[in-house]
Amino acid sequence: MKYLVYVFRNIRRNPVRTLLTVASISICLFLMMLLLSYLTINTEVAHSLSDYNRLITMSSQGFTQPVPIANVATVAAMEGIATVGELTPEDKEHRDKKAVSPFSWYGGRYKDDSMPGSQFGIDPETIFAIMVEMKLPPDQLKAFRDDKTGCVIGKKLAKDKNLKIGDPYPLKGTVYEFNLDLTIRGIYDAPENRDNRMCLYHWAYLDEGLKRDFQGRAAGNAGTIYFKCKDAAAMPGLIKKIDDSFRNSSTPTKTQTEEAFAQMFSEMIGDLQTLIVAVGMAVVVSLICVCGVAMAMSMRERTTEVAVLKAIGFGRGLVLALVLVEAVIVSTLGGVVGALGTKLLFDQFDLGSLVPGFLPFFYVPWTTALFGLGLAVLIGFVSGVLPAWLAAQTSVIQGLRKVV
Amino acid sequence: MGQEPAIALRGVCKEYRREQIKIPVLTDLKLTVDEGEFLALMGPSGSGKTTLLNLLAGLDRPTTGEVVVHGQDLAQMSEGQIARWRSRNVGFIFQLYNLIPVLTAFENVEMPLLLTSLSKRQRRENVRTALRVVGLEGREDHFPRQLSGGQEQRVAIARAIVTDPYLLVADEPTGDLDRQSAEEILELMEQLHREFQKTIVMVTHDPIAARRASRLLKLDKGKLVGDVIQAQEVAS
Ligand SMILES: Nc1ncnc2c1ncn2[C@@H]1O[C@H](COP(=O)(O)OP(=O)(O)OP(=O)(O)O)[C@@H](O)[C@H]1O
Ligand SMILES: [Mg+2]
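Listed in order, the protein sequences are those of chains B and A.
Quick note, the first sequence lines up with residues 1 to 404 if you use the working numbering.
Quick note, the second sequence lines up with residues 405 to 640 if you use the working numbering.
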């Protein structure tokens with residue numbers, strides 16, 4: 001501890017070099033935090049979904065392929081699916097209805113959005129029982145159900161676009177040629193790790209448009225089917241039963257847990273993930289070199305000084321430790337700015353508001369931030385080893401002769 | 405004071421090796437220094453003065469021969485042991501002061517004490533005392549660049565004496581100073597010798613400086629060529 005004054009003075013000895021070292025570490029960590037957080041969030045969110053006992057049925061050909069709307073009723077008829085009343089007892093009106101809903105993508109554009117949030121056609125009678133973590137006040141739910149062209153949007157979307165209940169929310173088709181003239185009837189509130197930038201509207205209203213478009217060839221498509229099971233134990237049996245019952249139809253299905261469905265998206269970028277990790281490792285190695293060079297140059301300037309310290313009686317181990325501690329402190333500073341700074345930045349600033357369709361929400365998980373900080377400490381330590389060892393080896397006589 | 409000499413060199417040879425060629429620097433040196441002596445070491449450039457100083461300060465080892473300082477045979481000690489021994493027994497004064505530029509006068513003087521188990525308070529007291537001895541009280545918070553050469557050398561002397569070492573070695577301590585500052589530094593070294601009975605070995609090129617010492621040793625081509633006990637001048 002008593003040596004820390006000296007260590008900190010050394011760090012401030014050449015502020016420009018220290019600053020540049022800190023900057024190079026923190027900039028690299030900033031980018032790394034973005035990528036790692038993205039991967040971590042995907043996994044974290046996927047895991048958190050397993051608590052809800054939800055299943056998703058999609059076409060066995062992939063989630064972009066149609067699933068007939070009639071399948072919704074077939075699924076609803078099956079044993080083991082919860083009812084609206086069981087999930088949301090306050091909802092008396094549709095108490096006995098099974099918690100099953102179509103979930104159909106539209107891909108419309110609001111005003112001149114370049115990256116709109118996602119919009120889905122759903123069953124207003126069941127969707128808020130299935131998505132229990134999405135909260136909507138009862139009066140808003142009723143208003144939504146009563147208006148066929150009504151919609152419900154997430155609180156963050158409302159905030160981003162400064163929208164309130166009663167405002168029109170017209171969507172212009174990008175894939176389809178018809179538009180949806182929606183009116184906002186409710187604003188839902190979901191936990192932070194859920195998409196608070198969706199727009200949900202009546203599936204029936206979407207289907208009206210589809211009937212007109214492409215001579216109605218796209219009509220009657222449920223997209224995917226979301227439903228909620230009574231308990232986790234019933235799920236494997238249900239999956240098998242549902243897929244079996246559609247196996248010989250013209251549209252076979254693939255049913256899986258919501259968690260598996262979410263992970264499917266992560267796996268789609270699986271190769272990218274490997275690439276990200278490889279690039280990250282290359283960055284770490286090059287940072288070690290950059291910091292090592294800075295530290296070695298710094299020590300070279302201090303050859304005589306180190307020789308004096310050793311003459312006074314500073315042992316090799318102490319000299320080694322002083323240099324290592326210095327290297328670790330500098331890189332830790334970079335880690336604090338780069339990793340913790342990135343976390344604070346995205347705690348304040350919501351990246352999701354820029355690219356809601358791609359990233360409905362973004363945060364740097366603590367585990368990722370601490371990992372980044374740990375990485376910075378490691379970089380400092382490894383990069384300090386060689387300069388520290390060289391300093392410890394400094395010959396007192398040669399070091400003193402250099403100038404004297 | 406003990407009966408043993410402070411420094412005893414017997415049959416000391418030192419040679420440097422450059423590839424295959426051996427460069428003898430010191431040959432068969434025999435020297436005894438008593439406790440409390442103030443020894444001046446003179447000789448032409450390259451005669452081996454610094455090399456000899458390094459040997460008795462435990463910074464270097466002889467190729468052959470014995471170097472016994474304060475009863476310790478330095479050749480028998482490991483590097484770690486000798487470093488610890490130096491921290492307790494030797495104070496160093498260099499021509500270019502070699503203060504640490506990022507530390508204040510106080511912190512520079514404190515450096516050798518960090519290696520001891522003294523408490524922060526005890527360290528502060530010792531540093532203050534050392535700075536008072538060299539006449540720099542009130543300059544604790546100055547950085548080396550804020551001090552004159554003479555003052556820097558005083559800080560260096562304070563650093564050398566703060567652990568109350570047995571032996572002080574100085575390699576051309578006035579070599580970089582003007583006459584006036586040099587006089588003051590020599591005055592100080594003489595005072596350390598007189599009042600604190602320190603054993604001092606000082607290399608110098610300056611005959612006036614050498615006259616301050618109690619004994620003058622001349623070195624030429626690695627051999628002792630003169631050894632004079634001189635009557636000490638009283639400073640004017
Ligand atoms: N590491 C080394 N390798 C080879 N030769 C060396 C080495 N160090 C010193 N020498 C040689 O040893 C001789 C004595 O050097 P030393 O520094 O002891 O002389 P000096 O009397 O202190 O000279 P000066 O008055 O110039 O300081 C010189 O010839 C020098 O070139
Ligand atoms: Mg010399």
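Note that these hints are calculated values from the structure, not bench results.
Yeah, the Cβ is synthetic: ideal placement off N, Cα and C, and Gly gets one too.
Just so you know, not all the hints are guaranteed correct.
[Stated by the list, open to error] Derived list of chain B stretches under chain A, where covered just means 3 residues or more per stretch with a C-beta under 8 Å from a C-beta of chain A:
| id | segment |
| --- | --- |
| 1 | 9-15 |
| 2 | 216-222 |
| 3 | 306-312 |
[Stated by the list, open to error] Where chain B lies over chain A, by a calculated footprint (3+ residues, C-beta under 8 Å):
| id | segment |
| --- | --- |
| 4 | 456-466 |
| 5 | 476-488 |
| 6 | 491-497 |
| 7 | 514-520 |
[To be verified] Calculated cross-link-like contacts (lysine to any residue; reagent style SDA-like; alpha-carbon spacing at most 25 Å):
| id | chain 1 | residue 1 | chain 2 | residue 2 |
| --- | --- | --- | --- | --- |
| 8 | B | Lys2 | A | Arg527 |
| 9 | A | Lys524 | B | Ile329 |
| 10 | B | Lys2 | A | Thr520 |
Going down the list of hints, with the structure as the test:
1. 9-15: holds (count 4)
2. 216-222: violated (count 0)
3. 306-312: Three-residue rule met by the segment 306-312 of chain B, so holds; n is 5.
4. 456-466: holds (count 4)
5. 476-488: holds (count 4)
6. 491-497: holds (count 3)
7. 514-520: holds (count 4)
8. B/Lys2 <-> A/Arg527: Answer holds: B/Lys2 to A/Arg527 is near 11 Å, not above 25 Å.
9. A/Lys524 <-> B/Ile329: holds, 24 Å
10. B/Lys2 <-> A/Thr520: holds, 11 Å
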